[in-house]
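Asker: So you can see what is in the structure, the chains are spelled out below.
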Amino acid sequence: MDMDTLGRPADFLLVEDNPGDVRLTQEALKSHKVKNNLHVVIDGEEAIAFLRKQGKYKDAPRPDIILLDLNLPKKDGREVLAEIKSDPRLKAIPVVVITSSEAEQDIIKSYNLNANCYVTKPVNFDQFIKVVQSINDFWLTIVKLPSGIE
Amino acid sequence: MNNFDIPLEPETYTRTDLAKLQIFEKVLKGNVEAIIITDTHGNIEWVNNTFTLLTGHSKADVLGKNLYFLFADGQNAYSELCPKLNETNHQQVESWMHRKDGSEFSVELTLSAVRSDADMITHHVLEFSDNTEFHHAREELVRRTKELSRSNQELEQFAYVASHDLQEPLRMVASYTQLIAQRYQGKLDADADEFIGYAVDGATRMQAIINDLLVLSRVGTRNTAFALVDSKAALDKALANLRLVIGETDAKIICGSLPTLNADGSQFIQLFQNLIGNALKFRGDRSPCVEIGAERQDEEWVFYVRDNGIGIAPEYFERIFLMFQRLHSKREYPGTGIGLTICKKIVERHGGRIWLASEQGKGTTFYFSIPVSLS
Chain A
791 MDMDTLGRPA DFLLVEDNPG DVRLTQEALK SHKVKNNLHV VIDGEEAIAF
841 LRKQGKYKDA PRPDIILLDL NLPKKDGREV LAEIKSDPRL KAIPVVVITS
891 SEAEQDIIKS YNLNANCYVT KPVNFDQFIK VVQSINDFWL TIVKLPSGIE
Chain B
36 MNNFDIPLEP ETYTRTDLAK LQIFEKVLKG NVEAIIITDT HGNIEWVNNT
86 FTLLTGHSKA DVLGKNLYFL FADGQNAYSE LCPKLNETNH QQVESWMHRK
136 DGSEFSVELT LSAVRSDADM ITHHVLEFSD NTEFHHAREE LVRRTKELSR
186 SNQELEQFAY VASHDLQEPL RMVASYTQLI AQRYQGKLDA DADEFIGYAV
236 DGATRMQAII NDLLVLSRVG TRNTAFALVD SKAALDKALA NLRLVIGETD
286 AKIICGSLPT LNADGSQFIQ LFQNLIGNAL KFRGDRSPCV EIGAERQDEE
336 WVFYVRDNGI GIAPEYFERI FLMFQRLHSK REYPGTGIGL TICKKIVERH
386 GGRIWLASEQ GKGTTFYFSI PVSLS
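Chains as they are written, first to last, in this note's numbering: chain A, 791 to 940; chain B, 36 to 410.
Calculated directly from the structure, the hints in this document are not laboratory data. Every value quoted in this text rests on a predicted model; they were computed, and no experiment measured them. Heads up, the beta-carbon is just placed ideally off N, CA and C, and yes, glycines get one too. Treat the hints with caution; some may be incorrect.
[Said to hold, decoys possible] So the derived label-pair ranges between C-beta atoms look like this:
id	chain 1	residue 1	chain 2	residue 2	range
1	B	365	A	906	35 to 43 Å
2	A	904	B	276	21 to 29 Å
3	A	931	B	179	57 to 65 Å
Model the full structure from these sequences, guided by the hints.
Answerer: Here it is in structure tokens:
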């Protein structure tokens, strides 16, 4: 199942304020055979600007998947999720909430806000690699993605 | 003089009857509650001694006056209750009254009607007692409950924040030491590998402990009200959560009849899940057989979870309920040692007890009791 359903490198948008986690995600994706583009924004406002192609992001690509951390400075991840999923131009983009919280209320809230799925960051790095790669494999090779609605 | 029935025929009063009437009067005068007798418009015809004691007004002060002046501004329990006397003969309410010195006090008030033989109301009787102390006690209770609730919320927030915020630095430590190990594999010596191994192991264990503390803290702080719970349904849910282990160990589960009772449903699931999970984990060589049931004993339901596992030596019966106490090394059996602590906290929150009987090599039975009537 190496064949990417997109037929081109995928664009990931990672919304993550912790540089340690950003680097881990990069390392995890690097080790994967299929090369993808990882775009990183460090808070919720930047995320929305990127998605709406505002300001410095006017030439930003439309991401094929969004990896969203819940705990972000300024605009909180839950708010970002709500905004994405209520915007008709953005809500079709799969959002994977990837966060360290195992708290049930966060899980429920995320699903209620229409996150496509919820993943907790494991302590073990090998598992973290597996998680990121599974996301990659599942969403980009197994799953059918909507063709970009601009 | 042991017959208190007075014939009340005008011509037949005797000295004995008079003596009886005098006793009646003494009883009423000295009654623990204040008594006011009024006409049907509230004009005072008689008051007892306790009335004077509570209000400071002498009998002479109030005779003939309308009792409205006794009630604190804006409150007229008497005029509110009067119309209702036609439905029932007794009406009870809490109210506030004025003393002669102007001070107010809280009362529990009963209004009743005296009826003639023709069933017409001829008099009103007000009885009241000072319930200031009760009032204060109740206010104190409300205040303390609010305080407790606030404190619990704070604690839960603290536990959540502490565990949540601790996990992130933990992950950094564990993940990056592993990355180092991977990236520099072969370029580092065997010692380095070992050191990194310990570091990562420590971080992983810390995460498990933090999660457990969070679960434990939630038993006490995230309280849902008790409701009717079908304990069989709770058990089924717990078994569903354990179905992987049940399948892997080829376990046999036997269920006796289980009652419906007042409890916290999700905590009951957790309780069953922990006990049965343990029964399956500490199974020894045999394939596990777990029996669950309950028996009514006086005012309690006594549940049992019986297994055929490795058993527990009596000297450890108390220790196993302590936080993070384990009887085996991690290599023998996994776990942080918080499962039974959580069970105990749940059971005690329900007002029950938890205990066990066991024989090493044969098996263990955990018992827990839940009172039938729970507030």
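Asker: Among all the numbered hints in the text so far, which are the ones the structure does not match?
Answerer: Of the numbered hints given earlier, the structure breaks none, since each of them holds.
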